[in-house]
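J.: Put together the whole structure using the sequences plus the hints.
Protein chains in written order, with the numbering used here: chain A, 1 to 325; chain B, 1 to 349; chain C, 1 to 508; chain D, 1 to 317; chain E, 1 to 298.
If you're looking for bench data, these hints aren't it; they were derived computationally from the structure. All residues carry an ideal CB built from backbone N, CA and C; glycine is no exception. Careful, some of the hints might be misleading.
[Unchecked claim] Some chain C residues judged to face chain E by a derived CB distance under 8 Å, without partners named:
1. A220
2. S348
3. V377
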Amino acid sequence: MTKLLEINDLTVRFSGKRTVHAINNVSLSMEQGETLALLGESGSGKSVTLKALLGLLPPKRSSVEGSIHVNGTDVLSLSGKALQRYRGAEVSMVFQEPALALDPVYTVGHQIAESVMRHKGVSKADALSTALDMLDRVRIPSANRRLHSYPHELSGGMRQRVMIALALACRPRLLLADEPTTALDATVQIQILLLLRELQKEFGMGVIFVTHDIGVAVEISERVAVMYAGQIVEEGTTREIIRDGRHPYTQGLLAANLHDVARGARLNAIPGAPPALEVKPDACPFAPRCSHVMPACRAALPPMVTTEGRRRVACLHADAVVAAE
Amino acid sequence: MSVTETYAPSADTGGPGQPLLIVRDLQKHFPVSGGLLGRTQAKVQAVDRVSFSVKKGETLGIVGESGCGKSTTAKLLIGLTEKDRGEIIFDGHALGERLSLKDLRRGVQMVFQDSYATLNPRLTILDSVAFGAQVQGLADPKCLARKMMDRVGLDPNRFAHRYPHELSGGQRQRVNIARALAMSPRLVVLDEAVSALDKSVEAQVLNLLGDLRAEFGLTYIFISHDLNVVRFISDRILVMYLGEVVEVAPVDSIWAEQAHPYTRSLFSAMPSMDPDDRTKEPPLVGDPPNPINPPKGCRFHTRCRFAAEACKTKVPKLAGLSGNADHLVACHLHDAASGHPKAGQGVPA
Amino acid sequence: EGTLRIGMTAADIPLTTGQTDQGGEGMRFMGYTVYDSLIEWDLTSADKASTLIPGLATEWSVGEDELTWTFKLRDGVTFHDGSPLTAEVVVWNLDKLLDDTSEQYDSRQAAQGKSRIPAVASYEVVDDLTLTITTNEPDATLPYQLAWIVMSSKANWEAMDKDWEKVAMSPSGTGPWKLTEFVPRERAVLVPFEDYWDESRIPQLDEMILIPLPEPNARAAALMSGQVDWIEAPAPDTIPAMEANGFKISSNAYPHNWTWHLSRVEGSPWNDIKVRKAANMAIDRESMMPLLGGLMIPAKGFLPPSSNWFGEPEFDPSYDLEAARALMEEAGYGPDNHLEVKALISPSGSGQMLPLPMNEFVQQSLAEAWIDVEFSVVEWNQMINLWRAGAEDEAVDGAQSINFTYFIQDPFTGLIRHLDCDLIAPNGTNWGHYCDPEMQALFEKIKTTFDPEEQEAVLQETHEKYVNDALFLFVTHDVAPRALSPKVEGFVQAQNWYQNFSSITMAD
Amino acid sequence: MLTYLIRRLILVLPVAFGVSVICFLLVQIAPGDPLTAIMPVDATAEEQDAMRAAYGLDKPLPIQYAIWIGNLVQGDMGKSIATGRPVAGEVFGAVQNSLLLAVSAAVIAFPIGTALGFLAGYFRDTLVDRGVTAISIAGVSVPNYWLGIVLVIIFSVNLGWLPSMGAGPGGSSEWQWNWEHMRHLVLPAVTLAVVPIGIVARTVRALAGDILSQDFVDALYAKGMSRVDVLRHVARNAAATALSVMGLQLGYLLGGSILIETVFNWPGSGFLLSNAIFQRDLPLLQGTILVLALFFVAMNLIVDVAQAAIDPRIQRT
Amino acid sequence: MALTDTTGGQAVEPAPIEKPQGYWSGVGARLVRDPLTMICAGVVLALILAAVFAPLLGLADPYKGSMIARLKPLGTEGHILGTDEQGRDMLARLIYGGRLTLFIGLMPVVLAFFIGSALGITAGYVGGLTNTIIMRTVDVFFAFPSVLLAIAISGALGAGIVNSLVSLTIVFIPPITRVAEAVTSGVRALDYIDAARATGANAWTVIRVHVIGNVLSPIFVYATSLTSVCMILAAGLSFLGIGVRPPEPEWGLMLNTLRSAIYVNPWLSALPGVMIFITSLCLNLLSDGLRSAMNVRD
Ligand SMILES: Nc1ncnc2c1ncn2[C@@H]1O[C@H](COP(=O)(O)OP(=O)(O)OP(=O)(O)O)[C@@H](O)[C@H]1O
Ligand SMILES: Nc1ncnc2c1ncn2[C@@H]1O[C@H](COP(=O)(O)OP(=O)(O)OP(=O)(O)O)[C@@H](O)[C@H]1O
Ligand SMILES: [Mg+2]
Ligand SMILES: [Mg+2]
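T.: Here it is as structure tokens:
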């Protein structure tokens, strides 16, 4: 069986007023039906990775190298009709701000139906009934009425459900979710997370879930990839990452989550801020903030150390740190 | 001369036993206009019947869903929004009687959520920090501002003349803190002060806040929707729902037992952090109701699993738990006289 | 044959009910076309100044008392509506203007006509075709006054519910042209009146269309792009282009002058005849020609040289800078002692030709004779007010002259009104407060000399005094230029404000 | 929607009142005597007084206003001083002609402007964008009265293709939909269209650019929509704002055509206004301005309502 | 003094004192990097300088004409740009004409900028009844298309420089007020105003320090975009004969008085129009350039 997703040495650079080396040699693979959380701070390149997957990067201002294969299709070589068929049908996406990602002047029903009509080639009426069915599945109360609502007439949680319904309407093999719950309240967030989990099982699709909240990653995913400065610094199953994060950055993130931290104690904070990525990093990008930094870290990019199975860490201390724990 | 020496808060008047801030029955309803002649048609009941007090040197955390009135409460405290009703007593002096708004604002400062929007893009960092001290007529505001910047970890030589857009989010939030502290307040209201920051930066700022509290003997009101953060920094936690206080209790007490069904749902909604024991059921369904026409009686009754007829009509009072008088809750389940079928039995497990 | 489309300078179609507005142009196109007056101007000749001829009245005479005039009406004249012209209708018409208690009184026509016949005191029907008009004092200029007054149809007015508004849309006169279509501000269509009493003046055209085109360039463009066949007052600079494209320019002398009316109030430097003469001689009128495309007649006096009343004045205001300077020196001025005067001018105004460049030319010329002119530029409407107010009025702000162009077609408008002691502003339009017994006597004589030839002699004598005393700054006369398409044939431009359109034909 | 409509209508009343006051006061601040222009130059003071009384100009201001507004609500806008004809008739006739001109200019300008703006917005920061920007800036920078003169010289006088003035052959303005009449419309309408082309192009460009940079456009592509589909969404999003800009432009065209109407001798409201100004014809001046302003107010109202009707985001209660 | 290091390593590197770079110098720097805007600024500046220092340029007397030398074509010796309908030197008249044209084209916007900003900021910051009164009055003026309003007021007042200034200023106050009000109430709602108020500062101090600095530049940019409109309109008034009076040189008026010369010498009579066009083009481009240069956030 082909891999659901195979990213090799993906490199994305934005040019324009400022040059940003947003993604640097990222490789990633996913099996069918797997859920992966992409974890990282703001600006680490999570969204760019997802956009690259959908071919949504602005063609004039970005250059993309490497390869992306989804179900064996070479995504980067797609264009025109083929690209349109791929987007939304093979892979679809849920955005962070549902209020912005829905067209404000069309009813939500129309927007879902539009996608269905395009990929399934059915009539408008059929597409609308599919849309209604999807709204039901994402547990929108009185879906029939909501079908004819405009996005601004819905609450935040409801809009995100609509987004999910829209993304799943054509039964994609891979769902990309870009921080879909960050803008939501905790009580709504957990509802959406559980809904996604359920739908994932039901539809059997693969999910890439972008977040910067470890707790959310735990709730949703089997595997976690931690990104820093446009690179994947660590990958493993959720359990491995939570229990045995090896990269100092992963550890810092875990500590900063404040779960189980004594009240009033000093936090073991990662100092400083992420690099600006104006030049392509040629050493460990985390070195300036790392408490275990060694001269070698500043000399060259640390190798990706692959340990048991699909677990990998990009740190010279990959083993040493484990020993220290 | 150290920063601590330049820090000159207003004198303590009521002694350590006197709560620094007492709020009684605070209310704010925003009018919503509409209709034929644009007359007020409805009111957003943003804050209703809110009472609490903050002891000297403690940190009170306020949590609640979006739109429940946290920010409005904060703004009411320093008079940025005019209150409809209620009393604000700062260190024994009631606002409007022996305490002027200007004096209150000297003693109480606020740090806002959006670090960018709270800085005037046309002023240098130094000018922003020094502005308050200048207004309050403190001596040598620029020098004071530099010291404060230094104290919050921003090298004045590098940052004094920068503009807000030349700073990162964490740095801007430090500026906001420095600006608040430059006024030598005794109470700082932090409205989602770390919510917009990345986790790693959030930890830095939380550390800083802890240090400052110790150094200057500050009292905080810390507003957040992240329970982990609130627990880390607060002594007591106040839970709001739709403009009302539903529960107030010391951290340990509330962590051990959430007396209000809403509080319990809120806590259960936290991601589990244990891959082997993930959340199974959403603790609450649906979104919070619209505060324009909040439900009658107990405002939570529309989403409450234990709601009974009494909850729909009768407004529950905030009262101490039978076994723990410091733990206040407004729920008919805890009030033996409420008329709820299970009154006085507490929230079932 | 054919349709003649005329671009007028007026912004609107002149009042159609009878007594027209829009000044001379109004009478030209809507007065003397649709209507007749008792006494008319002879418009048949281009070569000599026009004189009065019988119109609706065939003969008239004044009685022994020198006050009562008897008019015999032409027999068989009918209005366009078919009703006959009778003495009763004429009286009805006079009441329309003069008797504000009469049913037919029309304030709009009265505003235009009343001031034209100041001499008329009363009038009376004698028989169907005879009436008398009595003047309040002996006034031999009555025929000239009556040449202003046109006759509208009483029957038509009655048919139109006695409502002048309705009459305006469908008026009826006795003139050679009938108005068939009238769209305010846009166009008026005139067609021949086949039953006109003077067969020689029955129009040859099928239609004549009047189109208001106040903007000179719009007029020029309209002519050149073939939208009209005739425009009034083409801008001088457009004339070469028009001529190059085969358009004809028609012009002729007529009683119109462009002058500086001088203040004679106490303290005015113009009280000194030497200064007046010097100023007149300082202007090189020939050099002004190019500015006006040659379309002007250099002034030699107040009236155009071709006027019957010009006379033989001794003073010749022609250009002679030496003489002018000599006079100025005599008057006590010199290269180091300039005379400073203030002059009222306006940037535009109907009939004002090109007031700004012309005045600037005058200014430069006078400077050569050590007269420094400071202009006070006011808007045309304001200028009219100042003109009525007189030189002593505060609003004039010390200006010692006013630049005006005068309609000078009859003894009153041509001579009397400017210098009569009784018409000193604000009672009349003697702007400069001039009052001279000799002149006053001459004016008296004009009014009491009933024999036309003798009267002409008096008028000449009066004008000679105008010139000899250099009472105005005589500058130039307009020549009423109009540009015609090559198709327009048979037009004879009379030396008059009014014109005869009956002879015109259009070539194919 | 109905309440919205009624509320907007009620809001118009005070504006309309203000407009009437301004129109009334406007001519009161005018110096000079309005009767000057129509009296023969040598009319006596007595005759002038009589005229003044006849036009009610001898009464105190508030009374004049009360009379004026009283007549106004009965549809009587007084009589023109210069022509004696009822102002209402003159103004409405002229406004019809102006409207014809304004609508023709709009018919030329709006599609062209929209197309250019869309192109520029879509191909932002490319040569196309530069070109359109250049065109639109030139469009808003050109003094159109001058452009009109130039066009007349080229197309009427030199080439003789199109008439230079008037609304129909022989000065006739009875509009007919035939080439004879429409020829007269071409030059003034084109001249008048130049500025709104620029403005509409700039607006649409900015709008399209803004909308294209919104998240939902990415979301549309992400669900597999083609460029054409996306453009459809963009157009629908831009429609409300673009429409309101165009509505206002139409109002400006109507009120701002005075210079063009003078150049082309177009028998419209602007032409009427300029005559009224130079003849100091106060009732006519008042009436024309009032009608144009009220038309503009109505236009605003229609635009608002239309915008509310097509944009679901606007509160319609 | 002993401070715990909570700075997270920011103070590790030696700290050179950073040069203060003000907002305006930033704007200036961005402007300088924009060639088109610089060219336009150059043109406008040149026009203004030429107009101001016209008497020092050794030009012919713009008022002195000669009937013989009328309407000389471009390139005539002694009259590079020819002569007008009264034989006055066109170059001199165009440059002197720039004085009045720019004056009545720019001055009303400047006046309206001050008046409108004051009104708009007051309305926007104070709100409530004050806002209602000011903004409803402005609404009434908005009921008049600008050209109509300018012509109506000028037409009523009559020709003259002062009257033109007055009428154009009145025309431009409402739009500027509206923008000022919108910008101010936008800024008023921002947190930094709340933060400033929270220091106990009074309204005037907050307006002076925090509001004006932030609202003035968008209002200013908006006002600059009106200059070209104003100039065209001012020239239009003169063109109609209700603006500047002859014999003053002013482009609109020159355009008018040279209209009939179009048949004699079309290039000559086009010159004032060309000047208006170029100037307003430059003003528009300058305004666009300024707008993007003032946009700090990108
Ligand atoms: N269209 C673009 N043009 C230029 N730079 C871009 C563009 N999109 C993203 N970037 C840059 O690429 C880097 C990675 O951005 P990305 O949006 O992937 O971050 P992220 O991890 O999704 O962060 P967040 O958590 O804030 O969403 C950032 O530095 C960003 O500024
Ligand atoms: N100025 C205002 N006018 C009208 N309504 C207001 C105003 N300010 C706040 N509200 C309303 O009052 C309610 C409480 O708002 P508030 O900002 O206090 O909520 P919050 O708890 O701070 O929410 P969040 O977590 O989103 O910041 C909300 O429904 C909000 O819409
Ligand atoms: Mg992102
Ligand atoms: Mg808030």
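J.: Looking back at the hints listed earlier, which ones does the structure fail to meet?
T.: none
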